[in-house]
Every structure is written in C-alpha cells, then in structure tokens.
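Asker: Go ahead and model the full structure; you've got the sequences and the hints to work with.
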Amino acid sequence: MSDTSRTDIKAAPQREQTPYIEMRNITKYYGGTIRALHDVNFRINRREIVGLVGDNGAGKSTLIKIISGVLQPTEGQIFVEGKETKFSSSKVAMQNGIETIYQDMNLIDCMDIMRNIFCGRETTTSMGFLDLKEMQERAMHLLKNEVTIEGIRSPEQLVGNLSGGQKQAVSIARAMFFKNQVLLLDEPTSALSVRETQAFLNHIQRLREEGLSIVLVTHNIFHAYQVADRFFLLSQGECVLDVDKSETDIDELTKIIVAH
Amino acid sequence: MGETNARHSGARALFNRVHGLKSGNILIVFVAIQVIAIGASLAFPQDFRYLSTSNLQVLFRSIPTLGIIAMGVNLLMISGEFDLSVGSTFALASLVMAKLFNAGTPLIVAILAAIAIGIMIGGVNGYIVVKSNVPSFIITLGSMWFWRGIVLLVSQASNEAFNPGPGMDAVFTASIGPVQVQFLWFVAIAIICWFFLERHKLGNHIFATGGNVNAARALGINVKRIKMMNFMILGALASLSGIISTTRVNNVSPIQGEGLELQAIAACVIGGTALMGGRGSVLGAFLGAALLFTVQDVLLLLRAPGYYLRLFVGLIIILAVVLNEILRKK
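For the record, the sequence lines run as chains A and B.
Just so you know, we're using this note's numbering here: the first sequence kicks off at 1 and counts up by one.
Just so you know, we're using this note's numbering here: the second sequence kicks off at 1001 and counts up by one.
Be careful, since some hints might not be right.
Claimed, not checked - Chain A side only, calculated, beta carbon under 8 Å to chain B, not exhaustive:
(1) Val70
(2) Ser90
(3) Lys91
(4) Thr100
(5) Asn106
(6) Leu107
(7) Ile108
(8) Asp109
(9) Cys110
(10) Arg115
(11) Cys119
(12) Gly120
(13) Phe129
(14) Leu130
Stated by the list, open to error - Restricting the straight-line Cα-Cα distance to at most 30 Å, the calculated cross-link-like pairs of lysine-lysine (DSBU-like) are:
(15) A/Lys91 to B/Lys1224
(16) B/Lys1022 to B/Lys1224
(17) B/Lys1022 to A/Lys133
None of these hints come from the bench; they were simulated from the model.
None of these values were measured; they are calculated from a predicted model.
Glycine included, each C-beta is placed from N, C-alpha and C at the ideal position.
Answerer: Take a look at the structure:
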C-alpha cells in the first residue's frame, strides 16, 4: 500500500489512449483577483469514472463549470480527443458530448418529463414548431426500454411531482438520450435517500459499462470510492492528488482529504 | 336512480377533466359566473340586461383593449419578468400614430411607426433588464414614468384627434352582429400566442426560462434573448391595443392607458400565471381579462356604485393568488 503520509501531487499512470477531454494548465480568476483554480491539469478518459473530491471552496464547481462551458478559464487549454477546443458556452460543451447534471438537476419542475428531456434540443418541424408526436414516442421508448424509472408511467408526468431519485434518473435519461460521451455529476447524491443513493451508484456503473465517462463531484468520499476508477483531489484551487483506485485505499484518501 | 348516478359520475368526470387543465380553475369560475349572469338575465330580462345586444357589444368592445395587452404580459410573466410601462407604451404609440397621420403621413406608415415605437420601448426595457440584472419591476417602473412624461411633453397635455376614415374603422372597430372586429383581433392574437407558447420551441424556452433560469441557461437556452423577445412582443401588442382603442374613440388622451399595466397583470394572475414565472396559460390570461370586464359589467348592470368595482377586483385577485398557491402545493 502506498505511503499514507503523502500529500504531494501523485500522478495517476498515463494511459496509452488519448483522453476524451484533457485540460492543461487551467487557471481561473474571478474579478481579476480571486483565484479559484491554479495550473490544474485534468483529464477524462473513455469509460472511466473520476471522483472529483475536495472541501467547500476547493474549486470543484469552478472546474465543472469550465468543462461544461458555463465559465471560461483565465488561462489554459482544453482538448477534445486531442484537438484544442474553446468551450465558449454550455451549448458548445453539449455539442462536444458533455452533459452536466447540477445539484438542482437542471430540471424545470413546471414542465413534464418529455419537455424536460428535449428542452433546448426540441424535435421540430421546419418552422420551429414542436413535433410533439415524435418527441412523445421517443421519450416513451427511452423510459420503457433504456432508462426504466420506478414509479414513472408516462412522459407527460410533471417533473415537480417526482421524488429526488426519480428526478435524478430523468436527468440521466436526458443525458443518455442525446448520446453524450461525458456526464458531469455535481453532488448527485445530496438530495437522495440511502436507497436511492445505492441505486444511483449502481446505475452510473452500468453507464460506464455502456461506454460513458463520468465525473462524480462529491463531498462524500465513501460514495466516490464505491464507483470511481480514479480520484482527483482539489484543495484551494490546486490539484493535490490524482491517483488510480488500484494505487490507494479509502483510509489513505480520507487522511489526505482531512489533511487538506 | 341508476341513470341519475351515471349522469352525476359523468358530470364529475367532466369537472375533473376541466379542473386538470392548466387553466381549469379559471375556466370553471368563468363558466359559473356566465351561467349565473345568463340565468339572471333570462329570469329578469327587464332589470338585468346581460344578454341584450347593446350590453354584449359593450363587452366585446371593452375586453380586447386589456386582453391584447394581457396576452403579451402573460408571455413576459411566464419568462419571469414584469413590464409596468405598457400603459405608457399604449399612449405613446397611439399619439405617434395620430400625430403622424394628422401631419399628412400615409396611414399605413403611421400604424407601422406606432408598432415600431412599441417594439423599441420593449427592446430598451428588455436590454436594460438583461444587462443590468436589476429587477424588471424597478426598471419598467422608471420606464413607465419616463414614457408617460414624453407623452405629456409631445402632446402638451392636450388631446389629439384621430379620424382615419371608414377603412380603418372597418379593419379595427366594425360590428358583425353583436361581435366587434376588435374582439376577433383579440381572439386571433390569443390563438397565435397559444400556438407560440404551447407548440413552438420558443414557447418551451419561455417556460424553461421562467421555471428555472439556471437550468435553462445550462441547457443552452439564451435566456436573455428569450426575455428580450418577450419585452418586444409585449411592446408591439401594447401598441396594437393602443391603435385599436384610438381608432374606436377617434381621440388620443395623454393619460390614456394609465392603470392598464396593473389590470393586465391582474388578468394574468387571475388566470393562473405565476408571479415568479414558469407557469401560466393563454386561455387563463384570456379568461382573466374577460372575467375582469364581466364583473365590471355585472356591477354596472346592477347599478352598483363605481367603487364596488375596485373592491371586487381586489378581492378576486387575492382569492385567485391564494387559490392558485394552494393548488400548486397540492
């Protein structure tokens, strides 16, 4: 087992494949003076779950917002399959196969499941009118055959009436529907019960087996440890650990997190 | 006995179906008031002339002025914003049209200029709101006074006559039986708004923007553009309402349209539109506007003093908001 007193950056072994997303030397300042991230190198490989951990204010949310195109870095580069790409908006990030599910799950409570799934990417006729029949059939197929959500009978159910776990599942269903490559999950278990959390963790493992890459942002190292292949620890805007699961254990991770 | 039970369960099923609609509550209240008013009119035809041709003409003439504006206010409120300057826009657009026409400008150019003024005011309001992030309530409160000041300045606080001739009267204010053409304009605009809100992708984006602005932004929706668009649509509709109203009375008063902004918000709220955005329906706003005038009309027919109107409208608004909130929580 590795030395548990270590607090320096420990780089996970570089894999031979080109990462799907690679971020190099990312620095982010807010208002020109407040440093949120400093010289961070982060990558997301294919079919990998990365546990992005760190305390409040560590820079996790800023990093997620940069990957999802909501924020632009002050310095640094982003590569998609080795090709430099500027994520100037969340739309560009989505076009590159990145879907972010925030704590509030990006759902609109006053709309039904079908309209939520297609929101921003509606199936339309030439004049921009909704092709409701097509959308309904596709949503029904998705909920029947690809992502079965307990308790959901119809895509016309109002999202505001669903439980936390069901909402989480709808968010993931939306990401899957549009065949995204990378799922960024920001504190996905914070609103879930114990049972829902376990079901959710099982679900994201299945998604990895189906070919998706997942970044799991969480305070809860025990949840991350159950499913992640790699751990990336941020502290005060800097990377202090980037390690494969095979090279560490829960005790070591806990000690490093507490030390920072 | 069995037949009675079947009839009751059928009525209950219909009630539940209507109640389940987005605008089910207002529809039930509206129908109930109509049934009572029509019943009273049939029972006392001499004392309560609700169904008389002249009364129906008054209703069909009055509702569109507020109703057309309420259609735009509804879109804007669903996207999470307010516009208190619509009454001033209504007056300025009318004044510009009348002044241009009286100065010899072709009528169609004067009408288009009035619509353009409304779109411009809406665009300026929207631009300041989305750029400054200051609540639209405050920005448009200032805008309301500013444009009203411009109206008083341009008109020198005097009325402006507007007599465009029979052609324009036929397009905007003619009668077809008891129904006035302006009511048909209102219905046509409501149908267009319904298709836009419920069947077009931009309608979906309006609900998303008002329902959860952060989620909408994260889903790639340009929420600023959506809000700007709604401010401009409302400006255009406020102008159109001003044009129709001015054509009807052949005159522009510098204080015309005062209070319309709050009445339009009231119509939408009564129709179930949420003050915080994300919820609302075209049918609800339509019936909300119609209900306000129906209550006013019934009170006039009962020869109630004028202050009863405000009292009842105030009560209806409070009841509507409380009822909608209770139903939302359920």
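Asker: Go through the hint on A/Cys119 and say holds or violated, using the shortest Cβ distance to chain B against 8 Å.
Answerer: holds (5 Å)
Asker: B/Lys1022 and A/Lys133 were given as a pair; does the straight-line alpha-carbon distance stay at or below 30 Å?
Answerer: holds (20 Å)
Asker: Would you settle whether the hint for A/Ser90 is holds or violated, based on the nearest Cβ-Cβ distance to chain B being less than 8 Å?
Answerer: A/Ser90 check passes; min Cβ-Cβ to chain B is 5 Å, inside 8 Å.
Asker: Assess, step by step, whether the Cα of A/Lys91 is no farther than 30 Å from the Cα of B/Lys1224, and give holds or violated.
Answerer: Holds, because 15 Å separates the two Cα atoms, which is no more than 30 Å.
Asker: With 8 Å as the cut and Cβ atoms as the points, is A/Cys110 at the interface with chain B?
Answerer: Given a least distance of 4 Å, the restraint on A/Cys110 holds.
Asker: Closer than 8 Å between Cβ atoms is the bar; does A/Lys91 clear it against chain B? Give me holds or violated.
Answerer: Status holds, d = 4 Å.
Asker: Does A/Val70 pass the interface check with chain B, least Cβ-Cβ distance below 8 Å?
Answerer: Cβ of A/Val70 sits 7 Å from chain B, so the hint holds.
Asker: Does A/Asp109 meet its interface restraint, that is, does its C-beta lie within less than 8 Å of any C-beta in chain B?
Answerer: It holds, given that the least Cβ distance between A/Asp109 and chain B is near 6 Å, below 8 Å.
Asker: Under the criterion of a CB-CB separation shorter than 8 Å, is A/Asn106 in contact with chain B as hinted?
Answerer: At 4 Å from the nearest chain B Cβ, A/Asn106 passes the 8 Å test, so the hint holds.
Asker: Using Cβ atoms only, decide whether A/Leu130 comes closer than 8 Å to chain B, and label the hint accordingly.
Answerer: Given a least distance of 6 Å, the restraint on A/Leu130 holds.
Asker: Hint validation: A/Ile108 versus chain B, beta carbon distance must be below 8 Å. Holds or violated?
Answerer: holds (4 Å)
Asker: Using Cβ atoms only, decide whether A/Phe129 comes closer than 8 Å to chain B, and label the hint accordingly.
Answerer: Holds: closest Cβ of chain B sits about 5 Å from A/Phe129, inside 8 Å.
Comparing the model with each numbered hint stated earlier shows that all of them hold.
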